[in-house]
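**Q** Now for the letters of each chain:
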Amino acid sequence: DVVLTQSPLSLPVTLGQPASISCRSSQSLVHSNGNTYLNWFQQRPGQSPRRLFYEVSNRDSGVPDRFSGSGSGTDFTLKISRVEAEDVGVYYCMQGTHWPKTFGQGTKVEIK
Amino acid sequence: EVQLVESGGGLVQPGGSLRLSCAASRFTFSSYWMHWVRQVPGKGLVWVSGIEGDGSRTRYADPVEGRFTISRDNAENTLYLQMNSLRAEDTAVYYCTREGFDFWGQGTLVTVSS
Chain A
8 DVVLTQSPLS LPVTLGQPAS ISCRSSQSLV HSNGNTYLNW FQQRPGQSPR RLFYEVSNRD
68 SGVPDRFSGS GSGTDFTLKI SRVEAEDVGV YYCMQGTHWP KTFGQGTKVE IK
Chain B
-12 EVQLVESGGG LVQPGGSLRL SCAASRFTFS SYWMHWVRQV PGKGLVWVSG IEGDGSRTRY
48 ADPVEGRFTI SRDNAENTLY LQMNSLRAED TAVYYCTREG FDFWGQGTLV TVSS
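Going down the list, the protein sequences come from chains A and B. With my numbering applied, the first sequence covers 8 to 119. With my numbering applied, the second sequence covers -12 to 101.
Hints are not guaranteed to be accurate.
Okay, derived cross-link-like pairs now, BS3-like style, lysine-lysine, Cα gap no bigger than 30 Å in a straight line [what the hints assert, rightly or not]: (1) B:LYS30 <-> A:LYS86; (2) A:LYS115 <-> B:LYS30; (3) A:LYS115 <-> A:LYS86; (4) A:LYS119 <-> A:LYS86; (5) A:LYS119 <-> B:LYS30.
Computed, partial: chain B to chain A, Cβ under 10 Å [what the hints assert, rightly or not]: (6) VAL24; (7) VAL33; (8) VAL35; (9) ARG46; (10) TYR47; (11) VAL80; (12) TYR82.
Sample of chain A residues at the chain B side, in silico, Cβ under 10 Å [claimed, not checked]: (13) GLN50; (14) TYR61; (15) VAL97; (16) MET101.
Derived from the structure by calculation, the hints contain no laboratory data. Remember, predicted model here, so these are calculated numbers, not experimental data. Built from N, CA and C at the ideal position, the CB exists for glycine as well.
Chain B extracted, bound-state conformation (with noise of 0.2 Å):
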């Protein structure tokens, strides 16, 4: 079955910065848009980026545009995001999920906090 395993989350100070893996398996990875979902602990999913299968498209919710970015490396079947400038409102798990959402990851916890 198609697996999803996110790492790379942690505790950062405000204004630092994070880089979120999330290696991918037994799917051809490069057919697929992937994105990366948010939820605040206790709160609602946030959808936050995406990106095309070949890495030419890519989009930004409007919290994080501009301080977040997405790619892909697709010969190691691996969804990065990149997060700068971080704010304490980007505290939550995030998940990455393939197209259709069908599959997601389990996680990684980001704690923005001094």
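Bound conformation, chain A alone (with noise of 0.2 Å):
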């Protein structure tokens, strides 16, 4: 299976400041078809996972732009320009290319 590594596992983060999660492949996530399906959830307490980016770096509706996705191959990253007191939740990240589908085990975003 492919196992996806996530750090930090916390991040407490002062508002307004910057803040970046790395995701870790243990194997490429280019599918044969050339795409790479590499997607990050945010989970608020209390709440469903909410996809914030497909295919690395696509943005979902409705997603601030302050988000953005990166990476390829094995080494991806989301980043929040200035994080904000809504960004506070657990964020994930998936990889869709290899069967079984696999998670990151969550990095853990706090207001300082």
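Reassemble the complex: the two chains are provided individually, in unrelated frames, and hints are given to aid placement.
**A** Take a look at the structure:
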């Protein structure tokens, strides 16, 4: 199975400051069709997961542009340019290239 | 907007069975793979199973292979997860989600305990 390793697992951030989450894969996430199926999700306390990005860097509707997704191959990053209070929650990367689909362990973002 | 509503969770004894349902609406259900993802409270997300739009292909995570069966009724726009031989470690909130994992239901809690 593809293992996704997120770091850090806990991320205390000051409001208005940037934040960055890394997601490293145990193997390339480039599909035979050339696409890279790496998603990012946000899960706020008590809520269902919400997809933020698909195929590495495609922002979902309604996602603020302070969020960005980047990376290729086995290394991916989610960045928040200026953290706001509503960004508190757990962030997961997920790969859809290989079966079984797998998620990273999650990174908990909290306000200092 | 797309809507996914899970039901069928509850308390069941080890070794017992439960069938989860996910009612889908506001999209062409039969055109999409559908998946089940579970989450132990306070823990991470784990993919459980997926089924192709026409039901012709199914996939399972190793821990549930042979015990769980995913199915769908495209006439009723409903996804199912039949869970047999349940174990304590199957205790989790179960979410249904559409292909691409772009929309998720609110989840249904399954508790396996004597």
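**Q** Is the interface hint satisfied for B:VAL24? The criterion is a beta-carbon contact with chain A at less than 10 Å.
**A** holds, 8 Å
**Q** Is the hinted pair A:LYS119 and B:LYS30 satisfied, with a Cα-Cα distance of at most 30 Å?
**A** holds, 22 Å
**Q** For the pair supplied as a hint, B:LYS30 and A:LYS86, is the alpha-carbon distance within the 30 Å limit?
**A** Given pair B:LYS30, A:LYS86 holds - Cα atoms ~23 Å apart, limit 30 Å.
**Q** For A:LYS119 and A:LYS86, compute the direct alpha-carbon distance and say whether it is at most 30 Å.
**A** Satisfied, since the Cα-Cα distance of roughly 17 Å is no more than 30 Å.
**Q** Less than 10 Å between beta-carbons is the criterion; does B:VAL80 satisfy it with respect to chain A?
**A** holds, 9 Å
**Q** Grab the minimum C-beta distance from A:TYR61 to chain B and call the hint holds if it beats 10 Å, violated otherwise.
**A** Given a least distance of 6 Å, the restraint on A:TYR61 holds.
**Q** Would the hint on A:MET101 stand, with a C-beta cut-off of 10 Å toward chain B?
**A** A:MET101 check passes; min Cβ-Cβ to chain B is 7 Å, inside 10 Å.
**Q** For the pair supplied as a hint, A:LYS115 and B:LYS30, confirm whether the alpha-carbon distance does not exceed 30 Å.
**A** Holds, at about 11 Å.
**Q** Please check whether B:ARG46 passes as an interface residue: C-beta within 10 Å of a C-beta belonging to chain A.
**A** holds, 6 Å
**Q** Verify the interface restraint on B:TYR82: the C-beta must sit less than 10 Å from at least one C-beta of chain A.
**A** holds, 6 Å
**Q** Go through the hint on B:VAL33 and say holds or violated, using the shortest Cβ distance to chain A against 10 Å.
**A** holds, 7 Å
**Q** Holds or violated: are the alpha carbons of A:LYS115 and A:LYS86 at most 30 Å from each other?
**A** Measuring from Cα to Cα gives roughly 14 Å; hence the hint holds.
In this structure, none of the earlier numbered hints is contradicted; all agree with it.
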